[in-house]
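Undergrad: Please take these sequences and the hints and turn them into a complete structure.
Protein chains in written order, with full-length UniProt numbering: chain A, 1 to 572; chain B, 1 to 572.
Read the hints as simulated data drawn from the structure, not as lab findings. Just to be clear, a hint being listed does not mean it is correct.
Said to hold, decoys possible - Chain A side only, calculated, beta carbon under 7 Å to chain B, not exhaustive: (1) Gly260; (2) Arg327; (3) Ser571.
These numbers were taken from a predicted model, which means no experiment stands behind them. Cβ coordinates follow ideal geometry from the N, Cα and C atoms, glycine included.
2 protein chains.
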Amino acid sequence: MTTIFDAPEDFATAALAGFAAIYARNVRLVKGGVVRSTKVPKGKVAVVIGGGSGHYPAFAGYVGPGLADAAVAGDVFASPSTAAVARVCRHADQGGGVLLGFGNYAGDVLNFGVAAERLRAEGIDVRVLPVTDDVASASVETPAKRRGIAGDLVVFKIAGAAAEAGKPLDEVERLARLANDRTVSFGVAFGGCTLPGAAGPLFTVQKGQMALGLGIHGEPGISEEKISSASDLAKLLTGKLIAERPAGTRKVAAVLNGLGSTKYEELFVLWTAIARELADAGLEIVDPECGEFVTSLDMQGCSLTLLWLGDELEALWRAPSDAPVLRKGVIIAAEPATAEIVDAEGPQSFAAASEASQQSGKCIARLIGNIADALREAEEELGRIDAYAGDGDHGQGMRRGSAAALDAAKAAVAAGAGAASVLAAAGDAWADRAGGTSGAIWGLALRSWSNAFSDDEKVSDAAVVKGARLALDGVTRLGRARVGDKTLVDALVPFVETLEREAAAGKPLIDAWTVAAKAAQDAADATSSLTPKLGRARPLAEKSIGHPDAGAVSLALVARVAGEFLRAADSD
Amino acid sequence: MTTIFDAPEDFATAALAGFAAIYARNVRLVKGGVVRSTKVPKGKVAVVIGGGSGHYPAFAGYVGPGLADAAVAGDVFASPSTAAVARVCRHADQGGGVLLGFGNYAGDVLNFGVAAERLRAEGIDVRVLPVTDDVASASVETPAKRRGIAGDLVVFKIAGAAAEAGKPLDEVERLARLANDRTVSFGVAFGGCTLPGAAGPLFTVQKGQMALGLGIHGEPGISEEKISSASDLAKLLTGKLIAERPAGTRKVAAVLNGLGSTKYEELFVLWTAIARELADAGLEIVDPECGEFVTSLDMQGCSLTLLWLGDELEALWRAPSDAPVLRKGVIIAAEPATAEIVDAEGPQSFAAASEASQQSGKCIARLIGNIADALREAEEELGRIDAYAGDGDHGQGMRRGSAAALDAAKAAVAAGAGAASVLAAAGDAWADRAGGTSGAIWGLALRSWSNAFSDDEKVSDAAVVKGARLALDGVTRLGRARVGDKTLVDALVPFVETLEREAAAGKPLIDAWTVAAKAAQDAADATSSLTPKLGRARPLAEKSIGHPDAGAVSLALVARVAGEFLRAADSD
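TA: The following block contains the structure:
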C-alpha cells in the first residue's frame, strides 16, 4: 500500500523534491530530474540515466561521483517526456558527450530515443543504452527483447566508473555495452504493489505463491510456484543465471535486490544461501551488494543480478562511488558545484515565415483547439476504457497534452511562426506535458508530421498526406508496437494507408480524410477482441478483452474531429 | 509478511551472518553479534549497542568508524542474552571502558544491566544508557518510562562521534545522556508485521486508519485516526515533538524513519512537508536523514525523530561516520583489523570445593534434571498458553534453557564444583541458551540464589530460604515487573513470602516449600483475570484475559517439581 501523499498526481514530483532536499550534498533539482551538486570536470562524458518513478533508488539515488551525472524522473511507472530527457541532458553535458542509460521499456526507448535524436541535432554526441538484464523476459537468443531490472545499477556503475576515469565517449559506450551483455538478472515476486491513490493493487500474486520472472510493473512472468525455503530460492535464482554463464568466467559481481516490502534481514538470510551456491559453482564473488536498488513501490519479492567479470569490468566494479545509494571505497572528496542552474526557458523564437504559411499555422492552431475541446470532453470516457488494461490515466494525459499543444500553437502563431513550426511546437508541448508513452507518441507524430510542411508555403493537400506517412514512420521507428498489439498503431496504420490510397485515387483531401477516419474508427472498435502485448501485467491484459484500446479510440476520435474541421473550413 | 527463511528459529542468526558477509569491510561476526573489522585505537571508549533482531539496520548496521564499535543481536524482537552482551563487550573493549546503549525495554534493561554488572566485576568500566525517545510511550514528566525507537540512531551517533574523538568514558557518557535527554520521536503505524514462520500478523491496524504512537513491537499507542494527507501527517508529527522543544532551541537534527513497508518515495514526499513545518517553527534543520533506521520487519508506518541541538551536539551530529547505514562526510580511511577473534570458550574451571558442598552440587544437578524433564513435557502446553499474549515461544525457551542448565550443572559437577558454582553455572547457561526476557529472568534468579550457597559447605535449609529471597530481589531489581503485571513475578512473590513465613514459623523446609509451591500455583491460576502490562501489543494483551500467564505457570510448575524432589530426597 502506498499511503503517504497529498495529491496522487504530484507523488513523483514531491518525492523527487524531498529526495533532493535530503541529498543536497549529492544532487540538485532541475525540472524533471536531478543533476550532481558537485563539480564535474569539463570534457567528462556525462552518464545520464532515468525512467519512471516508483523504483527508488532507481534512478535519482544513483547520481554522484563514480556513478551517474544526472537522472530523469517520469511519473510513477511512466517514462519521462522527451523534453525532460533532453533538458536534463543539456544540464549534465560537459562537452564530452552523453551516455543515456535506461531500462528497455517501450516508453523509455521512445522518449530517450527521440531526445537523443534531438540532442544530436543540437550538436551533442549522445549514445543510448537500453539495459536488458532480465532473463525471464525473453530468451537468450533475443537479448535485445529483454527488459531492464536491477541490472540497471550494475551497468550504470560500470559506465559511471569509466566516465569518472576520464575515458572518451566511445570507450564509455563500449564498456557499458560490454557490461550490459554480461549482466543477467532473475527475480521472484510474492505480492504486488499499489499506486498512490489507487483503491487496490496494480497486480497481485496468489497468496503463498511466488511469481517467477514477474516484471517490476507486473509484466508477465514465466510461471508460479509455491513459496520455497530460502535455500531452495537461492538454488532457483542462481540456477537460472548460471545457465547463461559465459565459458571461462571465474568471478562475478552480485546484487541481491529487494523490491520494496521484502526486508533487509530476509535478503541477508537469502544472501548466505546464494553465496554458498555461487561458491559451489566455482565462482568468486566480488564486492556483493544486498539491499534495495530497483524497487516497485511496496512490491514484495527480490531479484538476483550477476555481472560476469573480466579484469576490465572488475576494476570498474570495484572503483569508488559516492551516490546516495552506493558509497563504495574511500570516498572521493568532491567540491560543491558553484554555477547556478537556470531552468527558466524563455519564449521560443521561430524562423521567419511567409504570410501564406502563417495562415496555415493559424488554421492548424484552430484545429488543435477543436481537438483539445474534444479530448477534454472525452477525458472521463477514455480514462474508463484505459482502466481495463492500464492505470486509467489515458484520458488525463490526452487532455493535458492537447491543452499544452494548443497553448504552444497559439504562442507560435502569436510569434509569427509558419505552419511547420506551429505543428512542431504543438507536438513538443504535447509530449512534454502529457508524459508517458502516449504523450511521447503524440508528440513524435505531430513533430514528424510537421516535417512535411514548411514555414515558407501554404500547407498543400499532398503535404498533409505525406505528413501522415511521416507520422506513422516516426511512431513505428521509435515506438515498438505493431498492428495487433492493441495500441494506437492498430488505428493509425489503416488511417494512413486509407488516406494514401484514397488520395492516390484522386479523391479530394476532405473525402479521403473522411474515409480514412472511418477506417480508423472501425479498427479502433476491432481492438476489443485483442489482448494487449508489450509486457502489460497479465491479469490486467486479460481483463481488457472485450474492451477497445484507449489509444486507438482516441486516435479515431482525433481523426474524426479533424475531418469535421476540414469540412467546416472548406465550406467557409 | 516475512517470506524468506529456512528454519524460522534461525532467522536472526542467518540474517546476521548474511549481513556480516556483505559488510565484511565494516564488521566481523562473533557469537551473538558483530564487531568492527577495522582497527580501533587502544584506549578508545567502546560504544556497544544492541537489542532484538527484526529492526535492521538497528543495530548491526550502525557499526563502523564514528558510530558503534559492536552490536549484540538477540532473536527476532527478543533481547540478546546476558552472556551474549557480555561476550560482545569483551571483544569490543579496548581498555577505555564501554558505553552500553539499547532501547528502554524490559528484556534489554535486564540483560544489558546484568551483563554490565558482570563486566564491572571483571574490571571493565561499563555505563548503561537506555534510550528513551518515544514521546507517545510515557509523559514528559516520566521520561525514564519512555521506550526507545528511532532515537537510537541519534543517541548512538552522538556517543560514537564522542568516542571516536578520543573523549574519556565519563565524557562519552555525559554527551550520550545529554543527547538522549534532547532526543524526541513520534511515530504512526498503518499496518503490522509478521514474524518469520507465523501464520498471521503479530498485530494489525484497522484498514484506512493510522495508529498514533504504536510501538515497534505493537506496544499500545495513544489513539487511532483516519489516515491523513502527507501535509497533515507532517503537522501531526512535528506538532507532537515541537510541544517538547526546549526554550531557546534554534537548530535540530532530524531523522525521518520508515518502519519497513513504507517506501523511500513516501518518506521523501513527507519530508518536504516536515521541512516546511520545521522552518515555519523557526527551526534550522541540520543534516537530516530520511530512510530506514529502526524497522519492524515489514511493518507499515514511519516516525520522526528530532535532536535539539546546541553547539556541542551539532558538531558531533555533523562528524563523519562510516557504518553500513550511515556514511557521513568524507570517509575516514580505516585499516582492516588484523587480530583474529577467538570465540571458542574452553571448559569452565571452578573454585576448589568441599566434599559436602560437592554432594549438594550433585543434588542440585539432579533437581535441575527433574525440572528439565518436566519442562520438556510441558513445552507444548506452555507454548499454547503463551500464544494468547505473546509469540508462543515460552515453552521452547524454558525447554532450551533448562536443558542447557542441566548440561552446565553436570559439567560443573564433573569438574568438582561446589553447590554455589553448580547453581551459578546452571543459571548462566539457562540465560545464554533460552534467550529473551524469561531466559534472562531464570538465569538471574538461579545465579542470585547461588549467592546464598558456598563451595565450602553443604546447602542448609536456611540457605535455601535465603536464596529464594536473593532470587526475588535480583529479579525485581533488574526486571521491571511488579505484582499484578501478569508475569512470573505474580507467582514468585507469594512463593518466596510464603516460604519465608512458614520457615520462620519453624516448619521443616519440605513442608514450608510445599505450602509455598501451592501459593505459587494459586497465584499463577489467578493471573487468568489479569491483563499483561509492560508494553504488550494491545490486541494480544486483551486476548490473554481468561488465560493465565505462561511465566507464572512455569514458575509454579518448577516449584512443584522441586518440592516433589525434596520430599523424595528426604525419604531416600
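Undergrad: Which numbered hints are broken by the structure, listed smallest first?
TA: 3
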